[in-house]
Amino acid sequence: PSRATATGRGNRDGDFLPAELGAAQRHGALPTFFGGKAQPAHAFAARGRVLGAHQLRLAQHAPAGRLKPLLELCVLRARRQVFEAHLKALLLRGRAAAAAAAAAARLPPPRATPRAGASCAARRAPGAAMESDAWPAQKQLGAQHYCLDQADSRVQRVAAHLPWYGPTHSPHDVPRFYDISGITEDCETFQLVIDLFVRRYRAMGADGPTHVAGFDARGFVFGPPIALALGIPFVMIRKKGKLPGVLVSSGKYKTEYSTDETVMRLGAVGAGDRVLLIDDLIATGGTALAGFDLVDALGASVCEFAAMVQIPFLDGVGKIHAYRDGKFKDVPVFTMVDDTTIGDKEDATPPEGTPRVVEASKAAEVAAQLAAAKK
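In terms of my numbering, the sequence shown has 258 at position 258, counting the first letter as 1, and numbering is strictly consecutive.
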């Protein structure tokens, strides 16, 4: 067909259409290709109406016998534009995914880039998870009870960051109340603790945990980073009245402090799951046994109970293994630091007469007094 319009003027891609259709095309009413710009997505809905509306006008301008071919050409152009738009979107999506993958490949491991902060003056070299590649020696303290070598410098470093307080400045009336904020407020030591735990459970391979379950509330400090490093879910074991949804209760149990009751969300773990239970401390074993009962009630199994500190004279490990006629006697218990490793030098109890709680307006004054007392 001739590329001249009814008015004798060319109109780019639509030069073989009547001038009125060419003008509509340039304004986005009809699709353009062959060098024309793709129209916005919202214009597609209007194009069908435009095609229909211009049929009469097209009939007025088109010579006899050319109406049907011109309409078919408009439809083909519209289909081609949809195809090219989809193709362009796929190409852009593919390029974005490839760029993201390349960027991720260039990133170092998370622990190789610790965040800078006042508590991280001595930052670890990239990839140096511990002082050496050797795993600290493991000692067996009893039947299915394991502990790291307390003479290892890394274990001693962890112990040195576990200050304790006497009854006057503790939440409970106990001889020693261990404060894990000594670990969490020093990012190097905190990372060391997580690395030691992770290395232990990663070495188990296919027999390792499928879930980590932490006890309210200090188990929430160590459990999530361990679970993230292992790439497995973290499950909360909370005190009654703290979780929403349908819950499974442990029933009431006694601890060294009080009588408690814990719950876990129904469906959080199930048959075939191997659960690592973790807390900051094991004393009488009451809290630990509540977690054992919850996991067992949900059809899963406990692959190990782990804690930062154990208090040997309370024999929490022995009570776990003797519970319910030895139902859990084959479940290992792992503790990182022994109570006897944390000496009197870690006693952080303030001088007598120091208030337990101070008003914010007096915080600087009390801090200065405590600093002077240490000199």
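Calculated directly from the structure, the hints in this document are not laboratory data.
Take these hints with a grain of salt, some might be off.
Below, a list of computed lysine-lysine pairs in the DSS-like style, where the Cα atoms sit at most 30 Å apart [as the list claims (entries may be wrong)]:
hint, residue 1, residue 2
1, Lys319, Lys239
2, Lys240, Lys327
3, Lys252, Lys362
4, Lys242, Lys327
5, Lys345, Lys252
6, Lys345, Lys327
7, Lys345, Lys242
8, Lys329, Lys239
9, Lys319, Lys254
10, Lys252, Lys239
Across the chosen pairs, the derived CB separations fall in these ranges [stated by the list, open to error]:
hint, residue 1, residue 2, range
11, Leu90, Asp260, 33 to 43 Å
12, Ala98, Gln140, 42 to 52 Å
13, Asp325, Ala97, 51 to 61 Å
14, Pro351, Leu266, 43 to 53 Å
15, Glu365, Leu228, 35 to 45 Å
16, Lys319, Ala98, 30 to 40 Å
17, Met204, Asp344, 33 to 43 Å
18, Asp260, Lys375, 50 to 60 Å
19, Gly241, Gln156, 57 to 67 Å
20, Met204, Pro167, 34 to 44 Å
21, Met204, Gly241, 14 to 24 Å
22, Glu352, Phe313, 40 to 50 Å
23, Ala373, Gly205, 48 to 58 Å
Cβ coordinates follow ideal geometry from the N, Cα and C atoms, glycine included.
Which numbered conditions among the earlier hints are violated in the structure presented, ordered from lowest to highest? 3, 5, 6, 7, 11, 16, 18, 19, 21 and 22
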